[in-house]
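Engineer: Chains as they are written, first to last, in the working numbering: chain A, 1 to 146; chain R, 1 to 126.
Note that these hints are calculated values from the structure, not bench results.
Note that the structure is a prediction, hence the values are computed from the model and not measured.
Even glycine gets a Cβ: it sits at the ideal position worked out from N, Cα and C.
Be aware that a few hints might be false.
As the list claims (entries may be wrong) - One-sided and incomplete, this derived list gives chain R residues near chain A with beta-carbon spacing under 10 Å:
| # | residue |
| --- | --- |
| 1 | ALA22 |
| 2 | THR23 |
| 3 | VAL55 |
| 4 | LEU83 |
| 5 | ALA94 |
| 6 | ALA96 |
| 7 | LEU118 |
| 8 | VAL121 |
To be verified - Selected chain R positions facing chain A (in silico; Cβ < 10 Å):
| # | residue |
| --- | --- |
| 9 | GLY25 |
| 10 | MET36 |
| 11 | HIS40 |
| 12 | ILE67 |
| 13 | CYS69 |
| 14 | ALA79 |
| 15 | SER93 |
| 16 | ARG125 |
Listed below, chain by chain, are the residues.
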Amino acid sequence: MSRSEDELDVIRAAREARGPVLRRSPGPTAWFDIRKTGTGHWAFSLNRITSLGLVLYLYLHLAVLSMLLGGEGSWHGFLEIATTPVFLGLDVLLVFGLLFHGLNGLRVALVGTGIATERQKALFWSFMVLGSILLLGAALHIIGSD
Amino acid sequence: MASTASAREPGIHRSRTWRATATSGVALLVLVTVHMVAHHFVVEEVGGLRTYAQVLDYIANPVMFVIECVFLVIVTAHAMLGLRSVLFDFGLSASARRRLERGLLVLGIVTVAYGLTLIGVLASRA
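Work out the full structure: start from the sequences and follow the hints.
Structural biologist: As structure tokens, this is what we get:
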């Protein structure tokens, strides 16, 4: 489909403008739309999904830390559960969520402020490689601490 | 979150909340790293988790106390801005958006108040 010169001007102006990348609200069901295969779509969807996971974790974390109010016995009971393999696996999942959301968020912030707008795909994959290395290191540390 | 002026100018409001989300997100990259390393990657005992006494020692340090308080405020603000953004994806009406923003503001204030109380109580026990 060819675009008119006016439409192309609008697209160019939007690309050069600083600030958020504006999208038509696709709604949460579109996050899982497998017909869309672009890196940008999956990065956006996974960013949304990890954000919800991290908000859930924030409140779980506050609930767990509230056990400290119960004193040493209460906290020691939690420590015994926290070192089980299932819990350690969830810790690795948490680190994945933090790394993906943090590094992809940094890419979005850089692109939104006009930095590396033409190389955002390369930036995304560079951050994903960095994230994978950090995740591997963290996973080895977490599993090794059992 | 939404002032009357910004409600009239959705573009400006959207840009402002985006800047707040991005700025708090960049600050969190530093704060989360400090928090994770201090709590889970320099502690050798009990599977990389601090014992009760170690938690009290940690939070009694004035520098760590301030860092944890700042971390709580920024992480809560970032979480509420993120939730707002996700929930706006549902295509809410203008009045529903305003109610949602007020609800998230209250939730954020309650979360920070509870977290600061928790930190304060633990610091007082050290």
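Engineer: Verify the interface restraint on HIS40 of chain R: the C-beta must sit less than 10 Å from at least one C-beta of chain A.
Structural biologist: holds, 8 Å
Engineer: Hint check: is the beta carbon of THR23 of chain R less than 10 Å from a beta carbon of chain A?
Structural biologist: OK, holds: THR23 of chain R within 10 Å of chain A, min 8 Å.
Engineer: Does the nearest C-beta of chain A fall within a distance shorter than 10 Å of the C-beta of SER93 of chain R?
Structural biologist: violated, 13 Å
Engineer: Under 10 Å is the threshold here; is the Cβ of ALA94 of chain R close enough to any Cβ of chain A for the hint to stand?
Structural biologist: violated, 14 Å
Engineer: When the nearest CB of chain A is found for GLY25 of chain R, is that gap smaller than 10 Å?
Structural biologist: Since chain A brings a Cβ to about 5 Å from GLY25 of chain R, closer than 10 Å, the hint holds.
Engineer: Interface hint check: VAL121 of chain R, Cβ to nearest Cβ on chain A, cutoff 10 Å. Holds or violated?
Structural biologist: holds, 6 Å
Engineer: May I ask you to test the interface hint for ALA79 of chain R with respect to chain A, counting a Cβ-Cβ separation under 10 Å as satisfied?
Structural biologist: holds, 5 Å
Engineer: For the hint on ARG125 of chain R, just tell me whether its beta-carbon gets within less than 10 Å of chain A.
Structural biologist: At about 9 Å, which falls below the 10 Å cut-off, the nearest Cβ of chain A leaves the hint on ARG125 of chain R intact, so it holds.
Engineer: Under 10 Å is the threshold here; is the Cβ of LEU83 of chain R close enough to any Cβ of chain A for the hint to stand?
Structural biologist: Nearest chain A Cβ about 6 Å off; hint holds.
Engineer: Using Cβ atoms only, decide whether LEU118 of chain R comes closer than 10 Å to chain A, and label the hint accordingly.
Structural biologist: Hint on LEU118 of chain R: holds, closest Cβ of chain A at ~6 Å, below 10 Å.
Engineer: Does VAL55 of chain R meet its interface restraint, that is, does its C-beta lie within less than 10 Å of any C-beta in chain A?
Structural biologist: Hint on VAL55 of chain R: holds, closest Cβ of chain A at ~6 Å, below 10 Å.
Engineer: Please check whether ILE67 of chain R passes as an interface residue: C-beta within 10 Å of a C-beta belonging to chain A.
Structural biologist: violated, 15 Å
Violated hints, in rising order: 5, 6, 12, 13 and 15; the structure is consistent with all others.
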